[in-house]
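Chain order of the listed sequences is B and R. Taken in order, the first sequence gives residues 0 to 263; the numbers are from numbering that gives the first Met the number 0. Taken in order, the second sequence gives residues 0 to 262; the numbers are from numbering that gives the first Met the number 0.
Note that these hints are calculated values from the structure, not bench results. Beta carbons are placed, not taken as given, at the ideal position from N, Cα and C, and that holds for glycine. A few of these clues could be false.
Each computed DSSO-like pair below joins lysine-lysine, with the alpha-carbon atoms no more than 30 Å apart [what the hints assert, rightly or not]:
no., chain 1, residue 1, chain 2, residue 2
1, B, 3, B, 103
2, B, 90, B, 103
3, R, 5, R, 255
4, R, 247, R, 13
5, B, 90, R, 13
6, R, 247, B, 24
7, B, 114, B, 24
8, B, 24, R, 89
9, R, 5, R, 89
10, R, 172, R, 256
11, R, 89, B, 90
12, B, 90, B, 114
13, B, 24, R, 172
14, R, 255, R, 172
15, R, 89, B, 114
16, R, 247, R, 7
17, B, 24, R, 256
18, R, 89, R, 247
19, B, 3, B, 114
20, B, 4, B, 114
21, B, 114, R, 172
22, B, 114, B, 7
23, R, 89, R, 172
24, B, 4, B, 90
25, R, 5, R, 247
26, B, 103, B, 4
27, B, 90, R, 172
28, R, 255, B, 24
29, R, 89, R, 13
30, R, 89, R, 255
Incomplete in silico selection of chain R near chain B, CB under 8 Å [said to hold, decoys possible]:
no., residue
31, 25
32, 29
33, 41
34, 51
35, 192
36, 196
Below are the chains, spelled out letter by letter.
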Amino acid sequence: MNIKKYIKIYSLFLYTSIASELEYKYNVIIDFITAILSLIGSLFLLTIFFQNTDNIGGWNFEQALVIQGIYTILNGITNTWFNPNLTEIVKHIREGTLDFVLLKPIDSQFFISLKKISPSGILEIILGFSLLFYCISINQININLGFLFLCLTTLFCSIVILYSLWFLISTTTIWFVKTWNATEVLRSFLYIGRFPLNSFSFSLRIFFSIFVPIAFITSIPSEVILGIAQVWEILFELIVAGIFFMVSRRFWFFALKYYTSASS
Amino acid sequence: MFNLNKNKLITLLKVQYSNMLEYRVEIALWAISGIIPFFMLNIWTNNNLNESINLSNEMLSRYFLSAFFVRQFSVVWVVFTFEEDALLGKLSPYLIQPLNPFFRYLAQHLAEQITRFPFALIIAIIFFLINPGSLWIPSLGLFLCSCLSTFFSFLIQFLIQSIIACLCFWTEKASSIERLLFIPTLFLSGLLAPVISFPEFVKSWIYITPFPYLIDFPANILSGNNTNLISGFLMQIFWILVLFPIFKRTWSLGTKKYTAMGS
Numbered sequence: 000m001n002i003k004k005y006i007k008i009y010s011l012f013l014y015t016s017i018a019s020e021l022e023y024k025y026n027v028i029i030d031f032i033t034a035i036l037s038l039i040g041s042l043f044l045l046t047i048f049f050q051n052t053d054n055i056g057g058w059n060f061e062q063a064l065v066i067q068g069i070y071t072i073l074n075g076i077t078n079t080w081f082n083p084n085l086t087e088i089v090k091h092i093r094e095g096t097l098d099f100v101l102l103k104p105i106d107s108q109f110f111i112s113l114k115k116i117s118p119s120g121i122l123e124i125i126l127g128f129s130l131l132f133y134c135i136s137i138n139q140i141n142i143n144l145g146f147l148f149l150c151l152t153t154l155f156c157s158i159v160i161l162y163s164l165w166f167l168i169s170t171t172t173i174w175f176v177k178t179w180n181a182t183e184v185l186r187s188f189l190y191i192g193r194f195p196l197n198s199f200s201f202s203l204r205i206f207f208s209i210f211v212p213i214a215f216i217t218s219i220p221s222e223v224i225l226g227i228a229q230v231w232e233i234l235f236e237l238i239v240a241g242i243f244f245m246v247s248r249r250f251w252f253f254a255l256k257y258y259t260s261a262s263s
Numbered sequence: 000m001f002n003l004n005k006n007k008l009i010t011l012l013k014v015q016y017s018n019m020l021e022y023r024v025e026i027a028l029w030a031i032s033g034i035i036p037f038f039m040l041n042i043w044t045n046n047n048l049n050e051s052i053n054l055s056n057e058m059l060s061r062y063f064l065s066a067f068f069v070r071q072f073s074v075v076w077v078v079f080t081f082e083e084d085a086l087l088g089k090l091s092p093y094l095i096q097p098l099n100p101f102f103r104y105l106a107q108h109l110a111e112q113i114t115r116f117p118f119a120l121i122i123a124i125i126f127f128l129i130n131p132g133s134l135w136i137p138s139l140g141l142f143l144c145s146c147l148s149t150f151f152s153f154l155i156q157f158l159i160q161s162i163i164a165c166l167c168f169w170t171e172k173a174s175s176i177e178r179l180l181f182i183p184t185l186f187l188s189g190l191l192a193p194v195i196s197f198p199e200f201v202k203s204w205i206y207i208t209p210f211p212y213l214i215d216f217p218a219n220i221l222s223g224n225n226t227n228l229i230s231g232f233l234m235q236i237f238w239i240l241v242l243f244p245i246f247k248r249t250w251s252l253g254t255k256k257y258t259a260m261g262s
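Using the sequences and the hints, build the whole thing.
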C-alpha cells in the first residue's frame with residue numbers, strides 16, 4: 000500500500016466526479032432543497048411525537064435532536080459517497096465493466112468505493128453538524144479534547160459500520176446481479192436510526208443491535224455527546240466496526256472468486 | 000391520443016405480468032422495504048403516544064397495517080423508467096406505435112402490483128401472528144371503498160410522476176424533482192404518523208393538498224377509523240381532474256420537443 004499514490008488517485012477521482020456532477024447544476028440545487036426539506040420533515044415528525052409527552056424511550060426532545068443531527072450527518076455521508084459508488088457495482092457487474100476495474104493496478108475495493116462523489120450530500124453533512132452544535136449549546140455540554148476525541152472516534156466507527164453494511168449488500172450483486180432493491184431494504188432499516196434505540200420494543204432492539212447493528216450507528220455517538228455513554232458501549236462499537244470492516248473486505252475478495260464476467 | 004381497446008389492454012397486462020414474474024425476488028425485497036410503518040407503530044405503542052390522539056393500540060396497529068397495504072399498491076416509479084428510456088433513446092420506437100407509451104408504464108405498474116400482492120399478504124400474516132389482537136375483517140363495502148380510494152391514490156401519484164417524467168424532455172434528469180416531491184409525500188401522507196395526530200397549524204391547510212388522500216384516507220377506510228368518505232373521494236377525484244389535463248398538455252408539448260438521443 001503506497002499511501003501517497005492513493006491520495007493522488009483520490010484527488011483525481013474528486014476532480015473528475017465533481018466536474019461531471021456539475022454538468023447538472025440544477026440537479027445539485029434541487030438536491031440541496033431536498034436535503035433541507037428532509038431535515039424539516041424529520042423535525043416535524045419529532046415534534047408530533049413530543050406533542051403530548053416529554054420523553055420517548057427516556058430521551059427528551061433536546062436529546063433526541065442530537066440523534067437527528069448524527070443521522071443527518073450519516074445520511075449525508077451515505078448520499079455523498081456510498082450511494083453513488085455502491086449502486087454503480089450493479090452496473091459494473093451487469094455490463095461486465097468490472098473487468099476493467101480488476102485489471103487496474105490499484106485496490107479494487109478502493110476504486111469501487113471511492114470513484115464517485117455526489118456533492119448534494121455535503122449540504123446534509125453541514126446541516127447535521129450545525130444541528131449538532133446547536134444541540135451542544137442547548138444541552139450545555141462542555142467541550143474538551145477528550146470529549147472531542149471520543150465523539151470523533153464513535154462517529155468514525157459508525158461511518159465504518161454503515162459503509163460495511165452497504166458494501167456487504169452491494170457485494171452480493173456478484174451472485175444476484177440485481178440487488179438494487181436489497182439496498183432499498185437497508186435504506187428502510189436505516190430509517191429507524193432517526194430515533195433512540197430505547198424507544199423501540201425489546202425484540203426490535205435486539206434485532207437492530209445484533210443482526211443489523213443500525214442501533215449503534217446513531218445511538219452510541221449521541222450518548223457520547225450527551226455524556227451518558229457507558230465505557231463498554233464505546234469499546235463494543237469499536238469491536239463491531241472492526242469486525243464488520245474486516246468481514247466486508249474478506250467477503251468482497253471471496254465474492255470475486257465467483258465473478259464470471261459478462262458475455263465470456 | 001388514447002386509442003386503447005380491451006384487447007390491447009389485456010395483452011399489455013399479460014406481457015408485463017410475465018415480465019414482472021421474472022423479477023420475483025426484487026419485488027419481494029421491495030415489499031420488505033415498505034415496512035417502515037411497522038417501525039413507526041412500534042414507536043407509537045411502545046411510548047403510549049397514541050393516548051393523546053384517542054386511538055387504541057388495536058386501532059393504531061390496524062391503521063399502520065392498512066397504511067402499509069395502501070403504500071404497497073400505490074407505489075409509483077414511472078419517472079425512473081421513463082428517464083432511462085428517454086436518455087437511452089428507447090422511447091423512439093414506443094412513440095411510433097399507435098399507443099401512448101404511458102399505457103405501457105401503467106400496465107407495468109399494475110402488473111407489478113399483482114406480483115407484489117402475495118408478498119404483501121405474507122407480511123400481513125406475519126404481522127397478525129405477532130400481533131393477534133389487531134386482527135379484523137373489514138365489511139365488504141368498506142373494503143371495496145378502500146380498494147377504490149387506493150387506486151385513486153395510485154392514479155394521483157401516477158399522474159404527478161408522469162408530469163415530472165415529461166419534464167425529461169427538457170432537463171434529461173427529472174428524477175431529482177421526484178426525490179424532492181417524495182419528501183412531503185413521505186411526511187404528510189400519513190405513512191409515518193396518522194394525519195389526525197398532526198399539530199393544528201398543519202391540519203388547517205393539509206386537507207386541501209393531495210397528500211392526506213394518498214395514504215391516510217384509504218388507510219382510514221380500510222382500518223375502520225373515522226373518516227369522511229364523501230369529501231375524501233371528492234378531493235381525490237378533484238385532484239385527478241386537475242392533474243390529467245396538465246399531464247396531457249406537458250406530454251404534447253414534450254413530444255414536440257423530443258430529439259431522440261443517439262439518432
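CA of residue 89(R) to CA of residue 90(B), is that 30 Å or under?
18 Å, holds
Holds or violated: residue 192(R) as interface residue toward chain B, Cβ cutoff 8 Å?
Where the cut-off is 8 Å and the nearest Cβ of chain B is about 5 Å from residue 192(R), the hint holds.
Under the criterion that the straight-line Cα-Cα distance not exceed 30 Å, is the pair residue 3(B), residue 103(B) satisfied?
Holds, at roughly 17 Å.
Is the hinted pair residue 24(B) and residue 89(R) satisfied, with a Cα-Cα distance of at most 30 Å?
Given that 30 Å is the threshold and the Cα spacing comes to 25 Å, the pair holds.
Take the C-alpha atoms of residue 89(R) and residue 114(B), compute the straight-line distance between them, and say whether it is at most 30 Å.
28 Å, holds
Take a quick look at whether residue 24(B) and residue 256(R) sit within 30 Å of each other, Cα to Cα.
Satisfied, since the Cα-Cα distance of roughly 21 Å is no more than 30 Å.
Against the 30 Å threshold, does the CA-CA distance of residue 4(B) and residue 114(B) hold or violate the hint?
15 Å, holds
Under the criterion that the straight-line Cα-Cα distance not exceed 30 Å, is the pair residue 89(R), residue 255(R) satisfied?
Roughly 17 Å separates the two Cα atoms, so the pair holds.
Residue 29(R) as an interface hint toward chain B, with CB separation required under 8 Å
5 Å, holds
Please work out if residue 247(R) and residue 13(R) have their alpha carbons no farther apart than 30 Å.
26 Å, holds
Quick one, are residue 90(B) and residue 172(R) close enough, alpha carbons at most 30 Å?
18 Å, holds
Against the 30 Å threshold, does the CA-CA distance of residue 5(R) and residue 89(R) hold or violate the hint?
25 Å, holds
The structure is consistent with each of the numbered hints, conforming to all of them.
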